[in-house]
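**Student:** Whenever a hint applies, use it, and build me the whole structure from the sequences.
Line by line, the protein sequences are chains A and B.
Using our numbering, read the first sequence as starting at 863 and increasing by one per residue.
Using our numbering, read the second sequence as starting at 10 and increasing by one per residue.
Because the hints were derived from the structure by calculation, they are not lab data.
Because the structure is a prediction, the values reported are computed rather than measured.
Do not take every clue at face value.
Sample of chain B residues with no beta-carbon within 10 angstroms of chain A, all distances over it, derived [what the hints assert, rightly or not]:
no., residue
1, V166
2, Q235
3, A469
4, A485
Taking beta-carbon pairs under 10 angstroms as the criterion, some of the chain B residues facing chain A (in silico) [claimed, not checked]:
no., residue
5, M10
6, S37
7, P41
8, H80
9, V84
10, T151
11, E286
12, P290
13, V293
Glycine included, C-beta positions come from ideal geometry on N, C-alpha and C.
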Amino acid sequence: MPAQLTSDDVVRIAALANVTLDPREIALFTRQIGELLAYVEQLQQVDTAGVPPTASVRRGAAGASADRPDEVRPSLEIADTLANAPDADRSQMEGGFFRVPRVIG
Amino acid sequence: MSFEAVIGLEIHAHLRTASKIFCGCSASFGAPPNTQVCPVCLGLPGALPVLNRAAVDAAVQAALALSCSVHETSVFARKNYFYPDLPKGYQISQYERPLATGGVVELGAGAAARRIGITRVHLEEDAGKSLHAGFADSDRKTYVDYNRSGVPLIEIVTEPDLRSPADAAELFARLRAILVWLGVNDGNMEEGSLRCDANVSVRPAGAPALGTKTEVKNLNSFRFLQKALEHEIARQIELVSAGRRVVQETRLFDAASGRTISMRSKEEAHDYRYFPEPDLPPLVVDAARLERIREAMPELPDARRARLAERYALSEHDAAQLTQSRAAADYFEEAIAAGAPAKLAGHWMMGELARALKEAGDDIAASRVGARALAELLALLDAGTISGSMAKTVFATMYASGRPAGEIVAAEGLAQIDDERQIVALVAEALALHADAVAQYRGGKAGAFGFLVGQVMKAARGKANPARVNALLRKALEPGP
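**Tutor:** Set out below in structure tokens:
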């Protein structure tokens with residue numbers, strides 16, 4: 863039986879996921895995630911020897927290949943590309959930039 | 010106390026495909042910002058990646074060239090972290106089950122050979138590009154261009170088998186040469202299509218345990234790699250010698266100061282929480298496909314160097330020079346196929362041709378004197394129609410004008426005088442004009458012979474075959490019967 867999930871674990875996971883939690887949420891998610899893990903633990907008791915691991919259920923239509931030939935297809939128009947950007951530089955002669963708060967220095 | 014450095018490299022190489030790894034956007038460099046993007050490479054909700062077959066073929070070629078085992082099944086994984094150039098919040102890479110593992114590259118030869126292990130070769134997508142400078146509001150804003158997001162990459166990870174910055178630089182150069190030779194990467198480090206990070210630690214010489222390592226980034230030239238490692242090793246030795254400890258961290262090489270600078274970030278930034286990518290099925294490269302890829306591969310640099318050295322009796326140095334690129338080796342063999350003597354072709358490629366290419370800034374693949382044209386010139390030289398010095402003049406004219414050698418020789422009356430009767434007449438004339446020199450020679454002054462050769466050549470305006478002039482002059486000077 864693995865160690866119990868602690869509120870410290872939740873704080874750390876929240877930091878990795880870039881979300882801010884208040885103390886009430888930390889308590890709530892510690893309990894809820896703990897319950898999920900307990901459920902997974904229950905699943906782990908099923909004997910899966912000889913069953914290949916399923917990382918993906920994506921298979922495509924029968925007979926269709928899982929990959930594609932190396933062919934260039936049209937990209938989006940710049941107006942569509944930047945349409946939902948919270949901030950963008952549209953002043954370029956061609957193309958444009960997404961703009962975000964400065965990330966270094 | 011003497012120290013030993015332990016170095017391993019991580020090389021990221023763009024694969025030369027037309028489209029990106031998981032979508033049909035163009036993978037070409039230099040387009041206006043954000044004009045080669047779609048819902049897949051922008052990470053828009055609901056978009057699904059579909060693997061580019063050509064990227065897999067290229068990655069498999071690279072893995073085979075590095076003597077790796079290519080695994081029949083490999084699995085894509087999500088590497089999770091937050092950075093604006095990564096629109097999905099994760100990079101699709103490979104982690105627990107990479108495409109290939111367990112390769113080797115050999116540096117040096119004979120007793121001095123060093124075997125450098127290749128830990129793994131895996132496929133992944135590149136991120137976009139963040140621009141932190143050059144805009145009016147760059148003090149507050151970062152600009153992001155996603156054209157590079159989704160360009161196919163292989164990551165090559167070496168074992169920590171390197172012991173010196175010079176070896177690290179040599180390995181990087183070797184890996185670049187192999188990838189360019191295969192045609193899977195363009196080798197362009199300025200445009201970032203080939204990048205290198207290095208892991209380095211130091212330990213007392215002979216110690217079995219490894220010291221704490223740092224990772225040095227931003228090493229986009231062989232020289233920078235070597236300089237950065239030299240600086241970083243010296244820094245670590247100084248720390249350890251002073252009884253302090255090396256902090257495990259990522260450092261950035263600053264080319265201007267020649268130093269490495271800490272780019273400490275929060276510890277959790279290194280917890281990437283990898284998990285299998287549910288949007289992509291496992292990558293299967295079965296035996297038949299592996300064989301097809303292997304068969305389509307060009308002869309590799311080492312094999313070709315060995316073959317050329319043996320077949321054409323080349324020195325190790327010459328064979329290495331002539332196989333510096335696939336284009337050079339092709340040129341050499343094409344010239345020989347067109348009738349050029351091997352030794353002469355090699356000599357001219359490393360001499361006149363190399364000089365002309367360098368001066369014109371041309372690549373050998375785009376040489377203005379092709380392999381067949383050079384072969385024609387060398388045939389004229391080999392047959393004695395023109396002298397060595399004339400051949401150089403003709404070559405220069407060929408390079409400038411693109412005209413064939415035979416035409417230049419005929420048009421400019423450069424053909425060598427090789428006719429025995431003509432040369433005998435020239436010799437007789439010289440002997441008559443310089444009776445004093447003849448007397449000196451016969452009196453034992455050997456130097457007078459060179460003077461007489463010079464006089465004959467002068468009379469022939471440099472066009473007489475020197476070997477024949479020598480022979481006929483010597484014969485004429487022999488005491489008469």
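**Student:** Does the claim that B/A485 lies outside the interface with chain A hold up, using a Cβ gap greater than 10 angstroms?
**Tutor:** Nearest chain A Cβ is 72 angstroms from B/A485, so the label holds.
**Student:** Classify the hint on B/P41 as holds or violated, based on whether any CB of chain A lies nearer than 10 angstroms to its CB.
**Tutor:** The hint holds - B/P41 has a Cβ within 10 angstroms of chain A, the shortest such distance being about 3 angstroms.
**Student:** For the restraint on B/V84, tell me whether the closest CB of chain A is nearer than 10 angstroms.
**Tutor:** 6 angstroms, holds
**Student:** For the hint on B/T151, just tell me whether its beta-carbon gets within less than 10 angstroms of chain A.
**Tutor:** For B/T151, the interface hint holds, since the closest Cβ of chain A sits about 5 angstroms away, which is under 10 angstroms.
**Student:** Going by Cβ atoms only, is B/E286 closer than 10 angstroms to chain A?
**Tutor:** 7 angstroms, holds
**Student:** Min Cβ distance, B/S37 to chain A: is it shorter than 10 angstroms?
**Tutor:** 9 angstroms, holds
**Student:** Per the stated criterion, does the least C-beta distance between B/Q235 and chain A lie above 10 angstroms, as a non-interface residue requires?
**Tutor:** With a cut-off of 10 angstroms, B/Q235 remains clear of chain A, as the shortest Cβ separation is near 26 angstroms.
**Student:** Hey, is B/A469 genuinely clear of chain A, shortest beta carbon separation above 10 angstroms?
**Tutor:** With a cut-off of 10 angstroms, B/A469 remains clear of chain A, as the shortest Cβ separation is near 62 angstroms.
**Student:** So, B/V293 near chain A? Judge it on the closest CB pair being under 10 angstroms.
**Tutor:** With a closest approach of 8 angstroms, the B/V293 hint holds.
**Student:** Holds or violated: is there a CB of chain A closer than 10 angstroms to the CB of B/P290?
**Tutor:** Constraint on B/P290 satisfied, holds at 5 angstroms.
**Student:** Was the hint right that B/H80 lines chain A, CB cutoff 10 angstroms?
**Tutor:** 15 angstroms, violated
**Student:** Grab the minimum beta-carbon distance between B/V166 and chain A and tell me whether it stays above 10 angstroms.
**Tutor:** 22 angstroms, holds
Of the numbered hints stated above, those contradicted by the structure are hints 5 and 8, listed in ascending order.
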